[in-house]
Amino acid sequence: MNRLRHTLEEITREAPPVGDLAERAVARARRRSRLGIGGSAVGLAVAGVTAAALVATGLPEVPLLREDGNITAASGERTGEAAERIELPEATPDPLPASGVGPAELAYALNCRGVSDRVECATPRILTADGRHWRVADALPPTLEEHNGQVSLQRPGGFAVSPDGSRLAYVRKDGKFVIRELVTGDVTPLFSVSGKEEDLAWGDMRLRWSPDGRRVTLHYSSLDLDAYPPDGEVNPDGQDFGPTGMLVDTETMETVPLPAPCCVLALPPGDRPVLMQDSYDNASELLAIGPDGTIQERLPFDEVARLLIYSGTEWTRISPDGESMVGISMVDEGRERSKGDTRSMSSDPRVELLVIDPTTGRLRLRHRLPASFNANTDILGWADGSSVLAGEFPGDGFDAMLDEVPGWHGSDVYAVNVETGQIGKALEFGEAKPALLSLATGLP
Amino acid sequence: MDRYEGFCEFVAARGQALMGTAYLLTGDRHLAEDLLQDVLSKLARRWRRIRPDGNPEAYARTALYREYVSWRRVRRNQELPSENLPEPGGSEDIADQAVRRITLRQALARLTPRQRAVLVLRFYEDRTEAETARLMECSVGTVKSQTHLALKRLRALTPGLGDLMTEIEPTTTGGMR
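Chains S and X, in that order, are what the protein sequence lines are.
Residues in the first sequence are numbered from 1 upward in steps of one, following this note's numbering.
Residues in the second sequence are numbered from 1 upward in steps of one, following this note's numbering.
Bound conformation, chain X alone:
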């Protein structure tokens, strides 16, 4: 039996969702590709061992976050975006979906990798604080602190997106579910 049997099918089925998360984390198309390829390479090397457990996606997601956070030292020197954030306009301007998306994406790029990962896990994947802590190999207290700091920084960077933060603020200490 080919030791990689079923691997390509798995990537075909779940790869795009993983790529979406990688892109959210890195904010860069090339880096998202790089990150996912690193993770998939590790997954492939261990495919024979992981596959019988039946949940390669859980493995891949765990690897994605940890690999990404382990990149933080690598990317510290390069991650400062060259573009300035768009000037926050009035609430009507920011209400525009495309502008909000661009603004949030650029604001995410100004967060530290760990803060970005916490936000994606908590508010995109709806992970609880305990799950987030387990995935990121840190304590629940760290998750709380990082979430608090990430939201605070997002608010400071993008005053026009304050309504987005306000919506989720009450849940940041109690878990999303």
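For reference, chain S alone in the conformation it holds in the complex:
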């Protein structure tokens, strides 16, 4: 035995005892089973809310945690009109023609479990305003992985539709990041995402449009963002990692490398600074990045950084006017009460929507989301100036593989009022649920 292994083994002896973990795990499994969490239906069961109330309103009560720490109950009344229902076809649609097809309402990818040509089926698609579905045939496809006889699907490369639905940004099979004009069909290749094809498929790509559609950012990695040293070291194959993120001006199509390996939190409208968090070296600062890609200002961010569960564009969104930013937090109440430690997910953690002042990095409000929202909750955009769209997505690999659900569960979209915390279902999907979803939130 070498000494590294010996030392590692010594460290394992410092591990805590298992104690009653087995009993707690069984209790948790029974509770989850009772609540239907992990099943194929959207379960909005919340303790204290009767089934009758749920049937009557379709919504749970949403406690509202104010800035001063007091919790008040806000009823979960519907906001706006009834939820729009969208049927996503399992059948593979036609490929996007070279000519234009018109603006898209959304871009999405399906899991396509049980479909014979699953890779083709799970390739990113768009739904245009005229109700037609198109396959983005040249987009980077997803990867299939077999494990113990079961096949799981890894998420395809990044794609996102612009807020007005007129453009689609995505990574092509050849590794080029492109912007496609959906009205004319024109495609502008911008830069290559470094890496081998095999690694591209595993890449962690995060794509974001600014609310006004003037700019777009892509953070990417051919291996994993974690692998990227900030100084652009060379990997064992001699391959230069290159930059890990780019800012694109979609009017001039000029690109500027972003300075930190991760992560863009918000891309405001106009020329306002890009907001980033260097989650590796100093997560407690909010970085304001100028148009030349340099850091203009460092704002204290520790208060919010403690609560944000993820760093990345899927989980934070800036409002159309650039005055508010929302993020997702996860709080374990029991642990928070006992130790003030919000990191743990030891019991049943609760997801919160954080409302943040992007100019100061300070927390404005915290809204607790219903119990069915979990760590896979994505912020899909702002429905208007006062509500954000939140969707629950069950993950991209292991959970989906194990749960063996027919399609992705829980993928409906809810509108949450950032001031009151009131919540209502905005979009629901038919039998086929999106595994990934990008909404043209600027469309009426």
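Do not take every clue at face value.
To spell it out: a stretch of chain X is covered by chain S in this simulated footprint if at least three of its residues, at any positions, have a beta carbon under 8 Å from a beta carbon of chain S; those stretches are [claimed, not checked]:
(1) 23 to 35
(2) 38 to 45
(3) 120 to 128
Just so you know, the hints here were simulated from the structure itself, not pulled from any lab data.
By construction, the Cβ of each residue, glycine as well, lies at the ideal position given by its N, Cα and C atoms.
For this one, chain S is given, so just place chain X on it according to the hints.
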């Protein structure tokens, strides 16, 4: 039949070994408990289906690594240790077992979760690169790159532990067995 029959016995028999790995991965006692509980909860929910296959530990270990790596985004914001690494002393100081253990543990905490997972799989569990890749749902090339970067970073963080890295360096590209 109770759908969880045999589950508690399994945890009693193999739970501590799994906890050891969880602790190596997280470097934190509370987080190790949390991680293992998450994994055991998933295992319990699927116990009836997994048990007839006869290898719940393989399932649990796979889940442990993947769950841990899936936590990486969750923990990015909190994982920077507050303590500074101990100043690397001379080789005689570092030779002290306890100091080496503490130094390595703190250095591991400075790695990214995926790098830590790769090191534990490769050099604690003696997994081959192919096995590690399968467990972590990534390519063999990724395992190689991550291993290289992890060792490089460990060496930079803990010059006094360079002898530990040197011992295993020749095997990092050829597999441990």
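What are the numbers of the hints that this structure violates, sorted from low to high?
-> The structure breaks none of the hints.
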